[in-house]
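2 protein chains.
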Amino acid sequence: MAVAALSRREQNKHDKRARITAAARALFAHKGFAATTTQEIADAAGVAAGTIFTYARTKDDLLILVFHDEMLDVVERARTRALQQPRLRDQAIAFFNEIADYHERDLPLARALMRQLSYVESTDQRALVSQLMRRLTGHLAKLIDAAKATGEVAASRPLTVAARTLFAVYFLHLNGLLNGYLDRAQFERALTADFTLVLAGLAPARAARSTIR
Amino acid sequence: MAVAALSRREQNKHDKRARITAAARALFAHKGFAATTTQEIADAAGVAAGTIFTYARTKDDLLILVFHDEMLDVVERARTRALQQPRLRDQAIAFFNEIADYHERDLPLARALMRQLSYVESTDQRALVSQLMRRLTGHLAKLIDAAKATGEVAASRPLTVAARTLFAVYFLHLNGLLNGYLDRAQFERALTADFTLVLAGLAPARAARSTIR
DNA sequence: CGAAAATAATGAGCTTACTCATTTTTCTAT
DNA sequence: ATAGAAAAATGAGTAAGCTCATTATTTTCG
Numbered sequence: 001m002a003v004a005a006l007s008r009r010e011q012n013k014h015d016k017r018a019r020i021t022a023a024a025r026a027l028f029a030h031k032g033f034a035a036t037t038t039q040e041i042a043d044a045a046g047v048a049a050g051t052i053f054t055y056a057r058t059k060d061d062l063l064i065l066v067f068h069d070e071m072l073d074v075v076e077r078a079r080t081r082a083l084q085q086p087r088l089r090d091q092a093i094a095f096f097n098e099i100a101d102y103h104e105r106d107l108p109l110a111r112a113l114m115r116q117l118s119y120v121e122s123t124d125q126r127a128l129v130s131q132l133m134r135r136l137t138g139h140l141a142k143l144i145d146a147a148k149a150t151g152e153v154a155a156s157r158p159l160t161v162a163a164r165t166l167f168a169v170y171f172l173h174l175n176g177l178l179n180g181y182l183d184r185a186q187f188e189r190a191l192t193a194d195f196t197l198v199l200a201g202l203a204p205a206r207a208a209r210s211t212i213r
Numbered sequence: 001m002a003v004a005a006l007s008r009r010e011q012n013k014h015d016k017r018a019r020i021t022a023a024a025r026a027l028f029a030h031k032g033f034a035a036t037t038t039q040e041i042a043d044a045a046g047v048a049a050g051t052i053f054t055y056a057r058t059k060d061d062l063l064i065l066v067f068h069d070e071m072l073d074v075v076e077r078a079r080t081r082a083l084q085q086p087r088l089r090d091q092a093i094a095f096f097n098e099i100a101d102y103h104e105r106d107l108p109l110a111r112a113l114m115r116q117l118s119y120v121e122s123t124d125q126r127a128l129v130s131q132l133m134r135r136l137t138g139h140l141a142k143l144i145d146a147a148k149a150t151g152e153v154a155a156s157r158p159l160t161v162a163a164r165t166l167f168a169v170y171f172l173h174l175n176g177l178l179n180g181y182l183d184r185a186q187f188e189r190a191l192t193a194d195f196t197l198v199l200a201g202l203a204p205a206r207a208a209r210s211t212i213r
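If you read the sequences in order, they're chains A and B.
The numbering of the first sequence is my numbering, which starts it at 1 and goes up by one.
The numbering of the second sequence is my numbering, which starts it at 1 and goes up by one.
In case anyone wonders, no lab produced these hints; they're calculated from the structure.
The C-beta atom is built at its ideal place from N, Cα and C for all residues, glycine as well.
Calculated pairs, SDA-like style, for lysine to any residue (alpha carbon to alpha carbon, straight line, at most 25 Å):
1) B:Lys-59 with B:Thr-37
2) B:Lys-59 with A:Asp-60
3) A:Lys-59 with B:Ala-110
4) B:Lys-59 with A:Arg-57
5) A:Lys-142 with B:Arg-189
6) A:Lys-142 with B:Leu-182
7) B:Lys-142 with A:Leu-182
8) A:Lys-59 with B:Thr-58
9) B:Lys-59 with A:Tyr-181
10) B:Lys-31 with A:Thr-58
11) A:Lys-59 with B:Gly-176
12) A:Lys-59 with A:His-103
13) A:Lys-59 with B:Gly-180
14) B:Lys-59 with A:Ser-122
15) B:Lys-59 with A:Ala-34
16) B:Lys-142 with B:Val-74
17) B:Lys-31 with A:Asp-60
18) A:Lys-59 with B:Gly-32
19) B:Lys-31 with B:Leu-109
20) B:Lys-142 with A:Gly-176
21) B:Lys-148 with A:Ala-200
22) B:Lys-59 with A:Glu-121
23) A:Lys-59 with B:Lys-59
24) B:Lys-59 with A:Thr-37
25) B:Lys-59 with A:Gln-39
26) A:Lys-31 with B:Tyr-119
27) A:Lys-142 with B:Ala-193
Using C-beta positions, here's what the derived DEER-type ranges look like:
28) B:Lys-142 with A:Thr-37: 41 to 51 Å
29) A:Thr-196 with B:Gln-11: 47 to 57 Å
30) B:Pro-158 with A:Asp-145: 27 to 37 Å
31) A:Arg-184 with B:Arg-134: 14 to 24 Å
32) B:Gln-186 with A:Leu-72: 21 to 31 Å
33) B:Glu-76 with A:Arg-19: 48 to 58 Å
34) A:Gln-84 with B:Thr-51: 54 to 64 Å
35) B:Gly-50 with A:Glu-104: 31 to 41 Å
36) A:Gln-84 with B:Thr-160: 25 to 35 Å
37) A:His-68 with B:Gly-180: 12 to 22 Å
38) A:Pro-108 with B:Glu-104: 24 to 34 Å
39) A:Pro-108 with B:Ala-49: 21 to 31 Å
Assemble the whole structure, with the sequences as input and the hints as a guide.
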């Protein structure tokens with residue numbers, strides 16, 4: 001189990017972090033993020049109120065802790081779902097729809113998470129978010145790369161730029177969905193239209209070489 | 001001026017709102033958003049602490065009030081600056097660089113604003129943000145439309161989709177800039193690369209190369 | 001005008017995220 | 001094993017955003 005390598009102190013910290021994260025997750029799901037107090041989380045985790053803040057600098061930090069692992073799973077599911085589509089555009093749409101499905105299951109929580117992504121406070125937090133982003137755009141890049149084999153995308157096109165741009169489109173529209181500017185149908189229509197435009201820029205033998213860097 | 005039509009009550013409300021907004025703006029600029037208390041704003045505006053919350057549901061709401069007008073000006077400046085460039089891609093880059101310049105003058109405030117844009121709470125707030133968005137993407141759409149005349153963009157391409165996609169790219173990278181994922185140089189490189197891709201999707205089928213000098 | 005209704009302002013008080021001086025636990029070295 | 005150092009946990013205290021019952025102002029209408 002490789003646990004023998006952990007000192008007692010490290011073991012305690014690990015356990016306590018797990019208890020706090022589990023308690024926070026359960027309470028957020030049950031009564032919502034805003035309505036959950038840090039005191040309640042501390043009680044449920046069996047620690048003192050102040051201890052919470054040695055594991056998360058702010059209450060918002062807890063969101064990142066709670067969702068990091070869960071999100072990694074969601075991204076994997078999204079990839080699986082994407083691969084069921086033959087064409088790149090539909091793959092990308094399926095990919096983000098899976099993630100949107102996940103967020104729609106608990107809108108207030110998704111909104112809180114979204115806000116947190118827009119206001120990163122600590123280096124730890126930035127590292128966790130970065131890891132998620134890399135995982136996500138990495139999957140997208142792989143899908144785009146595979147589409148080069150089918151001739152759907154020109155071989156010369158840069159993967160990271162394209163993946164990033166698709167993510168940018170998704171990010172904006174997710175914001176719209178979560179903040180009530182778009183309903184789900186509008187979200188999907190916007191995603192489709194914008195992805196079509198972006199992928200047009202990737203297509204072979206159309207836009208000539210306009211020096212993509 | 002149509003001021004005669006205002007009742008005493010409406011006049012009072014208008015004045016008070018103006019005082020509160022001005023006080024908030026000055027204090028935010030002087031000591032930062034987080035360090036400014038609502039009590040200080042109330043004192044500076046000459047109203048009671050509770051009165052603030054009849055004009056803004058939350059402290060965050062004040063940000064939207066404060067920045068709405070200011071942002072409209074910034075967008076106009078951005079348009080002027082964009083028009084100094086001959087090519088659409090450079091126009092779009094200049095446009096958003098002007099806005100980024102504005103945000104960089106007060107990063108903490110920009111960060112607070114960004115967070116607020118990701119967590120819209122009231123209908124009023126949504127209306128103000130929507131108006132800003134429409135103004136901004138409207139200008140972009142006009143630039144794209146003008147590029148149709150020069151043959152840089154195919155006449156058949158939809159304006160709103162393209163404008164929206166450019167904004168999405170900007171929005172993501174501004175987030176990166178404000179949250180420390182990107183420095184300004186990386187921000188501009190990312191913007192350039194992604195815009196190039198998006199605009200490749202707008203180019204006419206054949207003559208793309210020849211229209212780019 | 002004057003009274004009643006409608007709207008706005010007030011500020012003491014509450015809630016809760018977060019701090020920090022103190023205490024407890026764990027590690028290290030002799 | 002024990003003392004001393006280092007790290008972690010504690011929880012009472014603090015601060016600040018926000019609420020809401022009360023008071024003040026403005027409008028409406030007989």
